[in-house]
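J.: All chains, please: the whole structure from these sequences, using the hints.
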Amino acid sequence: MTKINRICILGGGTAGWMTAAALSNKFNGLGLSIDLVESDQIGTIGVGEATLPHIRFFNQALGIDEREFMKSTHATFKLGIEFCDWGQLGDHYIHPFGDYGFPVDDLDFHQLWLRLKSKNQVPRLDAFSYPIVAAESGRFQLPGPDTNQIGSNFGYAYQFDSSLYAKFLRTYCEQNGVTRIEGRVTSAARDPESGDIRAITLEDGREIEADLYVDCSGFRGVLIEQALETGYDDWSQWLPCNRAIAVPSEAHGPLLPYTRATARTAGWQWRIPLQHRTGNGHVYWNEFISDDEATAQLMSTLEGPALAEPKQLFFKTGRRRKFWNQNVICIGLSGGFLEPLESTSIHLIQEGVTALIELFPDADINALDRDEYNARMSLNFERVRDFLLLHYVATQRDDSEMWRYFRNMKLPDSLNEKIEAWVSRGYLLKYEFGVFLPPSWIAVMLGQNLVPTGYDPRADRFAESQLLTELGRIQRETVGAVDRTPDQESFLARYEAKTDTARLVADRADLRGQ
Amino acid sequence: MTKPSRTIVIYGGGIAGHLAAAACAQSLGAAARLILIAPGRDHSADLLYGNASAPTAYDFFRSVGLDEPTLMSKTGSAFSYGTQVSQWPGTTCSWMQAYHLPLPVLFGVPFQHFLSARQERLEPYLVSAQAALNGVFAHPPEDQKNPLSRAEYGYQFSISELTQALIRQNAQREIAILQTDVREVRVAGGQVSSLLLENGQQLEADLFVDCSGPDRRLMHALDVAFRAERTLCAAHETQATTQLGPPHRAIVANQLGWTASTPLQTSVERLTITDPESAPAESNSPHIFDTGRLARAWVGNCVAVGHAAWGMEPLTAAPMILLQRDIERLLDLVPVTDKSTVEAREFNRRFEDDVVHANAFQRALFATGALPSTPYWQAAAAVPAGEKLERKLAQFRSRGIFVRFDLEPFNEEDWAILHNGMGLTPERYDRQVDGVDAEALERQLTGIKQAVAQIVSKMPPHHVYMSNMKRYLEKQKHG
Numbered sequence: 001m002t003k004i005n006r007i008c009i010l011g012g013g014t015a016g017w018m019t020a021a022a023l024s025n026k027f028n029g030l031g032l033s034i035d036l037v038e039s040d041q042i043g044t045i046g047v048g049e050a051t052l053p054h055i056r057f058f059n060q061a062l063g064i065d066e067r068e069f070m071k072s073t074h075a076t077f078k079l080g081i082e083f084c085d086w087g088q089l090g091d092h093y094i095h096p097f098g099d100y101g102f103p104v105d106d107l108d109f110h111q112l113w114l115r116l117k118s119k120n121q122v123p124r125l126d127a128f129s130y131p132i133v134a135a136e137s138g139r140f141q142l143p144g145p146d147t148n149q150i151g152s153n154f155g156y157a158y159q160f161d162s163s164l165y166a167k168f169l170r171t172y173c174e175q176n177g178v179t180r181i182e183g184r185v186t187s188a189a190r191d192p193e194s195g196d197i198r199a200i201t202l203e204d205g206r207e208i209e210a211d212l213y214v215d216c217s218g219f220r221g222v223l224i225e226q227a228l229e230t231g232y233d234d235w236s237q238w239l240p241c242n243r244a245i246a247v248p249s250e251a252h253g254p255l256l257p258y259t260r261a262t263a264r265t266a267g268w269q270w271r272i273p274l275q276h277r278t279g280n281g282h283v284y285w286n287e288f289i290s291d292d293e294a295t296a297q298l299m300s301t302l303e304g305p306a307l308a309e310p311k312q313l314f315f316k317t318g319r320r321r322k323f324w325n326q327n328v329i330c331i332g333l334s335g336g337f338l339e340p341l342e343s344t345s346i347h348l349i350q351e352g353v354t355a356l357i358e359l360f361p362d363a364d365i366n367a368l369d370r371d372e373y374n375a376r377m378s379l380n381f382e383r384v385r386d387f388l389l390l391h392y393v394a395t396q397r398d399d400s401e402m403w404r405y406f407r408n409m410k411l412p413d414s415l416n417e418k419i420e421a422w423v424s425r426g427y428l429l430k431y432e433f434g435v436f437l438p439p440s441w442i443a444v445m446l447g448q449n450l451v452p453t454g455y456d457p458r459a460d461r462f463a464e465s466q467l468l469t470e471l472g473r474i475q476r477e478t479v480g481a482v483d484r485t486p487d488q489e490s491f492l493a494r495y496e497a498k499t500d501t502a503r504l505v506a507d508r509a510d511l512r513g514q
Numbered sequence: 515m516t517k518p519s520r521t522i523v524i525y526g527g528g529i530a531g532h533l534a535a536a537a538c539a540q541s542l543g544a545a546a547r548l549i550l551i552a553p554g555r556d557h558s559a560d561l562l563y564g565n566a567s568a569p570t571a572y573d574f575f576r577s578v579g580l581d582e583p584t585l586m587s588k589t590g591s592a593f594s595y596g597t598q599v600s601q602w603p604g605t606t607c608s609w610m611q612a613y614h615l616p617l618p619v620l621f622g623v624p625f626q627h628f629l630s631a632r633q634e635r636l637e638p639y640l641v642s643a644q645a646a647l648n649g650v651f652a653h654p655p656e657d658q659k660n661p662l663s664r665a666e667y668g669y670q671f672s673i674s675e676l677t678q679a680l681i682r683q684n685a686q687r688e689i690a691i692l693q694t695d696v697r698e699v700r701v702a703g704g705q706v707s708s709l710l711l712e713n714g715q716q717l718e719a720d721l722f723v724d725c726s727g728p729d730r731r732l733m734h735a736l737d738v739a740f741r742a743e744r745t746l747c748a749a750h751e752t753q754a755t756t757q758l759g760p761p762h763r764a765i766v767a768n769q770l771g772w773t774a775s776t777p778l779q780t781s782v783e784r785l786t787i788t789d790p791e792s793a794p795a796e797s798n799s800p801h802i803f804d805t806g807r808l809a810r811a812w813v814g815n816c817v818a819v820g821h822a823a824w825g826m827e828p829l830t831a832a833p834m835i836l837l838q839r840d841i842e843r844l845l846d847l848v849p850v851t852d853k854s855t856v857e858a859r860e861f862n863r864r865f866e867d868d869v870v871h872a873n874a875f876q877r878a879l880f881a882t883g884a885l886p887s888t889p890y891w892q893a894a895a896a897v898p899a900g901e902k903l904e905r906k907l908a909q910f911r912s913r914g915i916f917v918r919f920d921l922e923p924f925n926e927e928d929w930a931i932l933h934n935g936m937g938l939t940p941e942r943y944d945r946q947v948d949g950v951d952a953e954a955l956e957r958q959l960t961g962i963k964q965a966v967a968q969i970v971s972k973m974p975p976h977h978v979y980m981s982n983m984k985r986y987l988e989k990q991k992h993g
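Chains S and P supply the protein sequences, listed in that same order. With my numbering, letter number 174 in the first sequence gets 174, and the count goes up by one each step, no holes. Numbers in my numbering are just positions in the second sequence, counted from 1, shifted up by 514.
Simulated from the structure, these hints should not be mistaken for laboratory data. Glycine included, each C-beta is placed from N, C-alpha and C at the ideal position. Please note: incorrect hints may appear among the correct ones.
Partial list, derived from the structure: chain P residues whose beta carbon lies under 8 Å from chain S [stated by the list, open to error]:
1. Ala546
2. Arg547
3. Arg859
4. Ser912
5. Arg913
6. Ile915
7. Gln946
T.: Here it is as structure tokens:
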């Protein structure tokens with residue numbers, strides 16, 4: 001029996017430092033040694049700069065102060081994502097972090113709305129969502145304690161600079177005893193008997209031995225793939241976008257508490273407002289657009305001058321066949337890639353770290369721990385995949401090859417059933433485990449013009465006037481609550497979460513070559 | 515096109531039929547025309563629903579008009595913290611299978627790992643279990659600092675009393691109740707086209723709900739296969755008492771099967787389950803039944819609810835939980851058009867999950883050491899555990915974690931109490947336990963146990979609480 005005490009994390013991006021932070025916090029004082037190997041020469045990708053509300057629990061568990069974290073990462077608050085041009089050109093909607101209205105007994109609010117809508121002029125469903133209305137007017141405040149109150153029934157996340165988040169966590173980790181080793185891995189030695197990774201060798205000849213390795217080396221998967229040849233499930237048949245161009249730009253105007261994802265002819269473009277700059281990127285399928293065109297499309301639609309040269313990224317959608325193989329666990333891009341359309345990259349890292357903590361081995365590696373880890377992570381990835389795919393298939397667009405491709409696609413049964421149940425009666429196939437809850441599904445389906453033809457017959461038991469009164473009240477209270485909400489900039493200042501860094505300004509000389 | 519009105523015919527005069535009719539009436543109101551065919555024949559098979567409901571019944575019962583004051587003053591029901599299982603075969607254990615809110619996380623570590631590390635029993639930490647063992651009851655207070663706020667409770671009742679209460683209430687509702695039986699089920703194209711009644715009437719409907727119990731008359735007519743697992747015998751007796759007993763059921767096993775005693779306000783209900791050959795001699799009406807389930811519970815325009823859809827041993831509150839879920843699933847999916855393919859598919863998906871998950875919990879009771887060599891226990895052990903239960907058991911045994919599936923009828927606490935009660939000790943515990951200061955932990959754990967013991971010592975006996983509550987309700991009515 002080998003006690004598992006030596007942990008080696010390979011790679012120091014968001015995934016690497018999140019893993020190191022959580023492990024060093026949770027297993028503090030248990031005699032574990034945690035090494036993190038990273039090389040300054042290898043750039044990190046900085047997956048998605050927008051997050052989901054769950055990250056707050058991650059930070060809280062580490063005892064991180066929200067203000068300090070926000071200042072250090074130039075973070076803004078995020079109430080949701082605005083999707084533009086997805087259903088049809090010219091459409092836009094916000095996917096909020098929170099419910100629409102309030103349920104009445106056994107009935108979801110949207111059913112009451114659907115019923116009224118069948119015969120009356122009613123405001124859009126968004127009018128009953130505080131986070132949507134607040135986001136649209138650029139306002140933010142923290143939710144209050146009583147989630148039955150309008151203005152408190154929502155969650156929030158952050159938009160931040162993920163390389164600064166990694167740096168922030170690095171300081172945290174080093175205070176918690178994590179050793180950072182500068183170096184580049186050149187080879188990995190396997191134990192001939194067990195097949196486990198025995199040691200890794202760095203460029204300068206140093207050898208690092210560990211009992212357990214966490215591969216956070218990004219797309220390459222230095223241990224999980226290059227050494228262990230675990231294999232990859234390619235999901236490009238469903239999510240075919242395979243490249244991206246990313247570029248930061250000057251931030252102008254008010255700080256918006258939401259991320260924007262705009263559909264393009266061969267992919268989509270993100271815009272993420274941080275305190276000191278705006279993050280932009282264009283995710284695309286190279287089958288239907290050249291890299292130059294994709295870059296040109298991105299650069300021509302920036303809202304301020306670029307702050308750096310655009311950076312090109314390559315990827316293949318899918319997931320590693322096993323997230324935990326032998327004594328290697330892959331977390332982050334080494335485990336799989338799903339485009340950051342719904343800000344799930346950091347969330348999937350968090351799921352990976354959380355599951356690893358719950359299933360952390362003690363002595364030798366138990367096959368049951370591995371199986372359970374792989375089963376959980378597979379489900380997480382699959383449920384996110386279906387939700388992402390929904391954005392591409394719930395559309396009336398057919399103005400380019402890519403959109404026509406999606407129109408002719410045979411959907412996974414799991415997704416098809418969800419769409420049919422919604423369209424026929426506004427019914428949502430609920431699940432308990434998986435990140436996107438019913439309001440998220442409603443937001444995207446309704447936002448992309450999948451309007452149910454029927455509604456739950458139980459909504460008919462109410463008198464129409466009673467429902468109209470109730471809807472009127474919720475709408476008025478939503479408007480009232482938003483009116484009392486400050487704009488994000490003032491809130492950040494009042495909350496003392498404003499960064500000391502001024503908004504970045506492009507260095508024209510630097511860009512002269514463009 | 516959405517129809518302005520729909521006709522739903524419910525067939526069955528027992529608890530399932532009346533509960534389904536009440537729920538449809540309350541939930542759909544004028545949105546549906548309801549017809550309940552309630553044959554006046556024997557509904558003794560209803561005893562297979564057992565005598566207990568889980569905490570989730572609180573809202574459900576209330577939504578059909580059986581709120582707590584009604585239950586206590588009109589049906590002789592009682593409160594239920596759970597079931598005491600004594601000397602369970604294959605184990606050397608007795609435990610209180612109590613209802614409880616999530617267990618605390620201490621020092622960032624889930625509670626059960628401390629128990630694993632210390633090889634301790636969970637029971638002293640559970641306020642509901644301790645109250646049950648002491649025969650006391652009080653409603654959980656709002657104040658989260660009060661340890662009693664962690665308790666949950668269900669109800670103990672007689673199915674026939676509940677049915678009588680529903681019959682009285684349904685008579686006041688917008689339900690056309692036909693006290694006759696079905697002579698013939700007419701089928702065309704895989705659907706029920708109409709029902710010909712004994713009174714000569716012919717009924718057509720948009721949706722037929724089969725609540726005919728183990729007869730499964732509509733589902734049989736539609737040729738839906740029932741996948742039987744075991745054949746069992748149930749016998750029931752009611753014993754009058756002068757005082758209400760403790761707020762829990764008690765299960766005692768023997769070589770032939772087991773007996774559950776459920777204290778109610780003026781009686782104790784005794785339900786005995788054995789293999790079919792071993793029906794107790796003194797029982798006047800042993801009831802033979804199959805456990806198992808229909809291949810599909812929604813076929814065409816017909817939905818099976820309760821025993822018409824499945825058969826289950828009333829070992830836990832599972833039968834009542836499933837009946838509630840059947841009805842909730844039906845209400846969630848009342849068709850909006852003539853075609854109900856979407857509804858049927860989703861109903862059947864949820865139905866299968868619910869039955870499989872409920873079965874897994876009950877089947878876990880037989881996943882023990884060697885069981886008696888008698889027919890009842892051997893047949894129980896012979897039923898395959900199934901993939902989900904295997905995974906749950908393997909993970910708990912290995913490291914004390916709970917594998918969960920979507921929307922299971924039994925929650926993590928139910929499983930924690932079951933495993934711990936049955937003496938299942940994980941081989942490993944979470945390493946974080948070793949990082950916790952032993953003295954601080956001891957203080958915390960002792961503190962919880964003492965707080966539980968203290969509050970329980972102040973709670974009134976179940977029967978005292980019940981009479982006070984009824985007196986209060988009486989006063990309110992006249993006040």
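J.: Each of the hints needs a verdict: does it hold here or not?
T.: Hints and how they fare:
1. Taken as an interface hint, Ala546/P checks out: its beta carbon lies about 7 Å from the nearest beta carbon of chain S, inside 8 Å.
2. Using the Cβ-Cβ criterion of 8 Å, the hint placing Arg547/P at the interface with chain S is not satisfied: the shortest such distance is roughly 12 Å.
3. A distance limit of 8 Å between C-beta atoms decides the matter here; for Arg859/P the minimum to chain S is near 7 Å, and the interface restraint holds.
4. Interface restraint check: Ser912/P against chain S, minimum CB-CB distance 5 Å, threshold 8 Å, status holds.
5. Because the closest C-beta pair between Arg913/P and chain S is about 7 Å apart, less than 8 Å, the hint holds.
6. A distance limit of 8 Å between C-beta atoms decides the matter here; for Ile915/P the minimum to chain S is near 6 Å, and the interface restraint holds.
7. At its closest, the beta carbon of Gln946/P sits 6 Å from a beta carbon of chain S; the interface hint therefore holds under the 8 Å criterion.
The structure fails hint 2 only (numbered hints given earlier).
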